[in-house]
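Visitor: One-letter residues, chain by chain:
There are 2 protein chains.
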Amino acid sequence: MKINKKMLIGLHLGNGYGSQSGAWRMPGVDPMSYTSFDARVKQAQAAERGKFQFLFLPDGPGAVMTDIETEAPAFNLDVMMTLAAVARETEYIGLVATGSTTFNEPFNLARQFKALDVMSQGRAGWNAITSSGEDVAANYGRRIPSSEDRYGRAHETIQLIQSLWGSWGKDAWIHNQKTGQFANKDQILPINFQGKYVSSRGPLYIPPSEQGQPIIFHAGGSPNAHELAGRFANVVIGAAFTIEDAKAQRNIFRASAKSYGRDPDEIKYIPGLMTTIAKNRRTALDRRIKLGGDSLIQRLGYLQQMLGVALDPSRINEPISKVQLDVARPSRYDPRSANALKIAKEGWSLRDILAHGVIDYHPVIVGPGVEAADHMQAWFEAGAADGFWISPDVNADGIDAFVNEVVPILQERGLFHTEYEGKTLRENLGVTDQYGIDPRV
Amino acid sequence: MKINKKMLIGLHLGNGYGSQSGAWRMPGVDPMSYTSFDARVKQAQAAERGKFQFLFLPDGPGAVMTDIETEAPAFNLDVMMTLAAVARETEYIGLVATGSTTFNEPFNLARQFKALDVMSQGRAGWNAITSSGEDVAANYGRRIPSSEDRYGRAHETIQLIQSLWGSWGKDAWIHNQKTGQFANKDQILPINFQGKYVSSRGPLYIPPSEQGQPIIFHAGGSPNAHELAGRFANVVIGAAFTIEDAKAQRNIFRASAKSYGRDPDEIKYIPGLMTTIAKNRRTALDRRIKLGGDSLIQRLGYLQQMLGVALDPSRINEPISKVQLDVARPSRYDPRSANALKIAKEGWSLRDILAHGVIDYHPVIVGPGVEAADHMQAWFEAGAADGFWISPDVNADGIDAFVNEVVPILQERGLFHTEYEGKTLRENLGVTDQYGIDPRV
Ligand SMILES: Cc1cc2nc3c(=O)[nH]c(=O)nc-3n(C[C@H](O)[C@H](O)[C@H](O)COP(=O)(O)O)c2cc1C
Ligand SMILES: Cc1cc2nc3c(=O)[nH]c(=O)nc-3n(C[C@H](O)[C@H](O)[C@H](O)COP(=O)(O)O)c2cc1C
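Residue numbers (the UniProt record's numbering), protein chains in the order written: chain A, 1 to 441; chain B, 1 to 441.
These are computed hints drawn from the structure, not numbers from a lab. In this text the structure is predicted, and so the values were computed from the model without any measurement.
For chains that are exact copies, the list does not tell them apart, and a pair is met inside one copy or across any two.
Taking lysine to aspartate or glutamate pairs in the DMTMM-like style, the calculated list, with each CA pair at most 20 Å apart, reads:
#1 K170 - D186
#2 K170 - E69
#3 K42 - E89
#4 K185 - E69
#5 K185 - D67
#6 K423 - D38
#7 K178 - D67
#8 K185 - D135
#9 K279 - E371
#10 K178 - D294
#11 K51 - D397
#12 K279 - D374
#13 K6 - E421
#14 K290 - E318
Just chain A, with the same shape it has in the complex:
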């Protein structure tokens, strides 16, 4: 059934250091990567070497972290400026940034994403999210609107922006020096979009890119998010801890797309995967222990809750006793608990259990490349994922580790492409080009 279909892979390009909060202090890491565009470009190039389909940049400029004394902010300096830098120094990889429909003027979002699409020769994607959290809203001097208002505005904003993107027809831009015709006026139309939340006259002043216009991504899990994505998105950036959960989520998004009259295959569900890739499990665990520092052990209290047994910090280097393992039960409140118990039963010390990343934001591979490949294959073949977005522990060498150790295995197994299908993001994701204004709007 899955024959010929390949998985999609994206790279989480975050704060320049990597997904583990200790990444900035590791040997070999430039401690100024947070503000270094060189570092970001290099990381993007590493992902392109691995034929990743896209870079994914989350965004949500909330409070500067309370632990700024020891940890870097999770944010990218500015997602659009970062991708502008990357665009000119890469050739194939897709450039996907998060842009809030709540805290941006739609016209400004439209022109920046279209400019990125043009400067990258058709590689831009927009992760359209509504933003949540009072700490983000406070930076804009506001309270966070109700879910109804956020998503009401989001539906209108995406329609408005896609209309602006399509306000020049495919062949509108003539630029014929001999005849002196710059553009065909009949193919450049105002959009006169008049919504309840947002409005714009248009047209935008930017011609189509090599893929027509940017692709819509979405990231979110609420019923409103399912609906927004089902209507507009080609890719969903997801978060799921188990195959069952991922499968259920994927099916919800596919059903939502169908309810909007779309082919379910037009929406790709891409859950996250965090990686510490090393030559064997032990080396990988030691790397995580070094990365985690003291903060690793501070999570012991939470591990107790996940397993339902008391854990003694003074025995951090010992495995959980047989007696305790017999009574341990995975907490029903945390979907990561079953995995934590499974690892505990393998006989690892408390420290090593934590070093497996059992309390991280996504499933975590701490081990050799083949373990990541197995995980990805299992999820992909179970219909739980159309691909994965990868968050390496430390970007400086973690991207290369994935590219060198995981990608070749996936390629050998026929699960991942060996060459880019084309130069645009739409070609590389298998999404059709989009020109002009969608007649359904």
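Given chain A, put chain B with the ligands in place with the hints provided.
Guide: This is chain B with the ligands only, laid out in the frame that chain A set:
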């Protein structure tokens, strides 16, 4: 008196073609420069070769021009994305973009300009304007606010943004891998800015750049503009047709700065200059005639009004008769009229008079480099300008022409620097660094 003081020069980086509407059709011009970031980068590099202090990008995304059939839009694709591309491929030149205080979320402006400042190692400037014109407002689904509201919001927005820029103290960012200290929390402060128009909690999550924070520019001529600039700006982008007018404007801005307790020398007044540089006047005029095409002759009707005499289109290749020149009087409604009459009296044909650019947006030099140098020296030494922003007719070769033919003369005369003073825009403009939150806010 002026000894040791040098003039400042900026380049108007517009739609990628140049300031004359026919530029896109000229031989040697890439007709796709409008969407080509390569073209923009090349133009920026040409200006840097000429040691220009800064690039200036206007912005005001209004209607797509009604003459789009034959003319390129005047806008830059996106000013921030353009400068992001330029930042990584230049080393010294300042990067100044226009950003509307009316049609942007202040927090978004703050982070993009700060990101540009960081990615360019301290070369960013923000031309803070309020936007005018219903056609711009319509793209944002609104009417243009009253001048009072626009400038009320502008004062608050600049204060808010400067506070966000300064929300990390000079030494706040530690990034010491050995001690594990990422930042000094005590030097990172929320701004809690609460205005009538705009508010933000902050802090921003971006450390200072090599110049602390971006420089404020302003462009505008109304009394409200004088006040805004006097309070915040280090550079005023101006428009003046005569030395007298420029001098008067410059003095108004200086007086306004003084009224805010500032040293008048902290505000530089930079009027515009348009150029067609060629080996002699005749060659330059022929270039303008080719550039202007039919639209040149269509301006004859307006030239009549400027001179107060009837002009016969069938005699386009003849000079104005002695009889007519004797009765001609410069129109009091157009400050360009005296210059037009002066040129008419030199005996040029009607076509050549128009080809001198007598009806353009700024003073125009159509001739050899020494004429531009003379103009600039006269204005500079009369106290009418601290420098100039240059709009070449065609960017593809017009920047090089200025750099090769005008810059060396200015340097020989001791009017223009021969090397960049430093690497930051503040160093190159002679403006002091700015760290932390201005205590006057
Ligand atoms: C995998 C994933 C990634 C997300 N990335 C972002 C992001 O980059 N920026 C953001 O503001 N919200 C992000 N979100 C939050 C969602 O957009 C959404 O706000 C959240 O799921 C809460 O749902 P609600 O907004 O419908 O209430 C992400 C959510 C998920 C599941
Ligand atoms: C030389 C010059 C350059 C200007 N550049 C811009 C610009 O790039 N974008 C813009 O919206 N307005 C620009 N303006 C317009 C002014 O900001 C201002 O709106 C105009 O002078 C009208 O004044 P008012 O807004 O105070 O009514 C420019 C004005 C001048 C004189």
